[in-house]
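Those sequence lines, one after another, are chains A and B.
Going by the working numbering, the first residue of the first sequence is number 1, and it counts up by one from there.
Going by the working numbering, the first residue of the second sequence is number 1, and it counts up by one from there.
Check before you lean on any hint, since a few could be wrong.
Note that identical chains are pooled: a pair holds if it fits in a single copy or bridges any two copies.
[Stated by the list, open to error] Calculated cross-link-like contacts (lysine-lysine; reagent style BS3-like; alpha-carbon spacing at most 25 Å): (1) K572 x K191; (2) K95 x K34; (3) K176 x K126; (4) K593 x K126; (5) K446 x K572; (6) K138 x K95.
These are computed hints drawn from the structure, not numbers from a lab.
There are 2 protein chains.
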Amino acid sequence: MRYSQCFIPTVKEVPAEAEIPSHQLMIRAGLMRKLSSGTYTYLPLGWKVLRKIMEIVRQEMNAAGAMEIMMPILQPMELWQRTGRDKDYGPTMFKLTDRKDSQTALAPTAEEVVTSLVAADVSSYKQLPVNLYQINTKFRDELRPRFGVLRSREFIMKDAYSFHADLASLEETYNKMYKAYCRIFTRCGLKFVAVEAESGPIGGSASHEFMVPCSAGEDTIVHTEDGTYAANIEKAEIDAPSTEIDLINVRSAVSPMEEVNTPNVGSIDAVCKFLKAAPQQMIKTLIYSVSFGGPEVPSRHPTASLAADEIRQQTIICLLRGDHELNENKAMHATGTAHIELAGEGVIQSLTGAAIGFAGPQGLSGKVLKILIDPSVAAMVSGITGANKTDYHVRNVVPGRDFPLSGDNVKVTDIRNAAAGDTHAGKALVFSKGIEVGHVFKLGTKYSAKLDANFLDDKGQSNACIMGCYGIGINRIMASAIEMSFDPNGIIWPISIAPFEVIITSVSPEDSLISDAAQKIYTQLQAQNIDVLFDDRPERAGVKFKDADLLGIPVRITLGKKSVAQGMVEVKLRTETENKMIAIDQAACEVAKMINDLKKVLG
Amino acid sequence: MRYSQCFIPTVKEVPAEAEIPSHQLMIRAGLMRKLSSGTYTYLPLGWKVLRKIMEIVRQEMNAAGAMEIMMPILQPMELWQRTGRDKDYGPTMFKLTDRKDSQTALAPTAEEVVTSLVAADVSSYKQLPVNLYQINTKFRDELRPRFGVLRSREFIMKDAYSFHADLASLEETYNKMYKAYCRIFTRCGLKFVAVEAESGPIGGSASHEFMVPCSAGEDTIVHTEDGTYAANIEKAEIDAPSTEIDLINVRSAVSPMEEVNTPNVGSIDAVCKFLKAAPQQMIKTLIYSVSFGGPEVPSRHPTASLAADEIRQQTIICLLRGDHELNENKAMHATGTAHIELAGEGVIQSLTGAAIGFAGPQGLSGKVLKILIDPSVAAMVSGITGANKTDYHVRNVVPGRDFPLSGDNVKVTDIRNAAAGDTHAGKALVFSKGIEVGHVFKLGTKYSAKLDANFLDDKGQSNACIMGCYGIGINRIMASAIEMSFDPNGIIWPISIAPFEVIITSVSPEDSLISDAAQKIYTQLQAQNIDVLFDDRPERAGVKFKDADLLGIPVRITLGKKSVAQGMVEVKLRTETENKMIAIDQAACEVAKMINDLKKVLG
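Chain A extracted, bound-state conformation:
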């Protein structure tokens, strides 16, 4: 393609709207433009990159036995109501009412649609397994769209759904897809890790996330140094604390609880500062409302009060050490509910008799559904916590003495996120940020049972299909590749997804010796199916070099007056600083070889 005929509006200035390098560079290199909050137009080069990524995804999906289909973006709300997920998605789902007053959702994902499709067209085990995928636009009304395409409201997702007659078949496909994902990300030039993950609102029994470690990532990856264990922070399993002291003995020496006045000092940090204590000495008492019948909780007014009986049925207390964070997923698992949220002021006041910030576990076990105690709290000698009295805390609170560590509604169990110092199977855990680019799930029959996707087995018995689902964020692959590899001059693309493989920079296009040589190399490269951009613009050499670096094209061929007069061109990799001189006649051939070598590295 000739640069002069291409629409590549590069930008010198770092755009104010963009916080992270990939977002800045995607705008600066003329790959995309913002239309509205969280929506972007892909310009010719950006779209070319995405098309190359989609083609890799497509090849690997087909090779794994998945078949491409295309489902509508408009989805009847009725399907979502049947699985109850309309509530799970809540305001994140775009909804509209059509001219016939039908409620319609804009696809945030497609489990419901594909399951109803299979329900209608599959009836026998002989038709299974079926593995269907699409590469289509998805919509999520994010509360805070940000980081360019990393958290946008409209994005391209590859979503696959497999249907099976038995678990062994699911396992086989899950493994095939897992391997296909590894090939896809490798071929796209990404460094990635696969981590154990929570299945979240998708549901199911097992799942893995594919993460690209980089500082701009919104997810936290937890792993052992040796890489034998990796999980996302929501899933990471941590060892229970080991203690070498004789807790019973030491605790018996602790003085009785003592109330201290802590006026207007509610937060852990403030209390620590006021009492000159460390967060590790605090027992954080979190009060949560739970719901078993769907996410009714979020709509409850925060200041609403409840009768004692209702509180006993709908409230749990979570105890954590002051330096730890609650992991809501773990707390939900421990409670057996899919919906919890921090209780409102009204509930807290009714339960504790105090304002927010002054709760403690003492005397509350009979008044709530459950008390969940993190093992690190159970292992404390004593701690400081709220006094259930506004503006007061208590010291010398001894677990097992001042609040129970066992009982019908008391459970000591891991309910927190991994933190610095934690171990898994005895090995220290380290933390890094990452971008989630893919996610695979074993779903089981969550959707098939609700949407009647049944089949007759070889004995004539009707069973719900066993399902898996598999997602890839196409736009995120693009952004991750940039986050992984850029320098102050611009993007450094992996060869497989670069908008062009080669750029020919002709320094003085008006010089016929140069333009003839450039044209010749351009034609020769095209004949070898090399994807080449010919910068034929009447611009200064400096402008052309800057643009070539900004665009991040892996190989640059430069035709300057001096070298061309000697029958040579300069060839440079974007990753290197040194030019290599190559004879004009050999240039196309040599560059084709270089590109092949670059491709081989990506498998």
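Go by the hints and put chain B onto chain A.
Just chain B now, with coordinates in the frame of chain A:
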């Protein structure tokens, strides 16, 4: 691909929901399934056909110098308000309100978005022309979705937009795109005609539609037998009636108007029957409300009345012969407005003093904005029309005597659709039904002026970009190809867009001689990049033949016991009934040749 591993749910019964052959066959051949009114999931084979069509479109667009981009589906309503087209689209546009209360439209088309993109990134004539296209999902909330993908609510459109510094440049690109469209439809195997067309809500100065003539089409194509003139019915220009009689003389002999009682007889048909007259003897008097400031008219209550002054400013009368249909576009052009609609009962009653169905032009010219008289009415000696009195008509109404044929607000002009018997430039017009598969428009500055898409010319002057736009209905190409070519057994695909080029039907797959030969041919065809479906299912031969015909795959290779024992296979074109015997060793090579020949026919 092996049939046994493919998801191709064919259906024997003609689906009740489908009225036309393409819709029936797309469901029966397992190409698609309905999700909700006007939305469809494309199954693997249907999606494969669409992908082949998109690839042809893409190749020709790129060759014509257009660059592919991808614009969001979510479009800010604010952009539509700036061009005023939010009102033009009305309820046909899907709208939603996001969690931040922003009004958003689902792309029905993208003139606004692309123009605002160019407005931000193009500033000089040096950057022009620019021709951008996308292949993306579009949304229209059709009042009556029907005919499968021909009138659906979610569909795939290729939409291109070109921006120019002058008209000559627009002309050049328009011609390039016109030619590219001809190549696209030819390569897709369609028989088509390009016709002059109205530009409708898109606007602009010239446009052509690409129509596939077929009985299922919703559009009417008007053309001369020799093909020198073709237009859609909204655009077709017709010759004024020629009359050989001396109108003045003959009219002078007509008796005065005579009222006749026609109780409860309002419609043309009913009046004709009652008075034993032919529709050609009737003068149809249509009363329309017009609006100049946008489509305020549609929201007006039908029974609302208006003051005489308002009626004089907002009402027109159209006179047609009883056997003719009004062409609203022509009436709008003649009035100089973009919005007209039939007046409500209240207005008609105020104006005529009678109920609907009894209006006549007598005495009304001073009371309305305009009287538009079709030339065929002006050429009548006399006619029958309403008496402006409920349950009464008048006979012997003479144009020019009983209502004016000239005057400040009277215009004799073509305001009707072409009808049987009409001519264009003296040649008889014939009518046929067609499916619109493409549409090209010269837009001028309609959008660029409103959205500030300006450029500085070589003199430093700021001008609005001159635009063109160019659409193709991808799904309609698929349906048209089927409508054009099917038989009682199923689809007959053009080779270029067939889901597979060849099907290998192995009659007894359990016979190792057959399965070995089939496998060999399968592998050889794949090695030659032939797109082949290998029917390896353990089904009866009859089932396999039926499915092969239903799917419409152009070439079938059949391996039966007898022929294979003789070292031969049977090769048959879907379009023919006779088999050709070919040696097993030659089969792949011969079939590859046949496919090449089929492709050559499509250019």
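Against the structure, test the hints numbered earlier, and report the numbers of the ones violated in rising order.
4, 5
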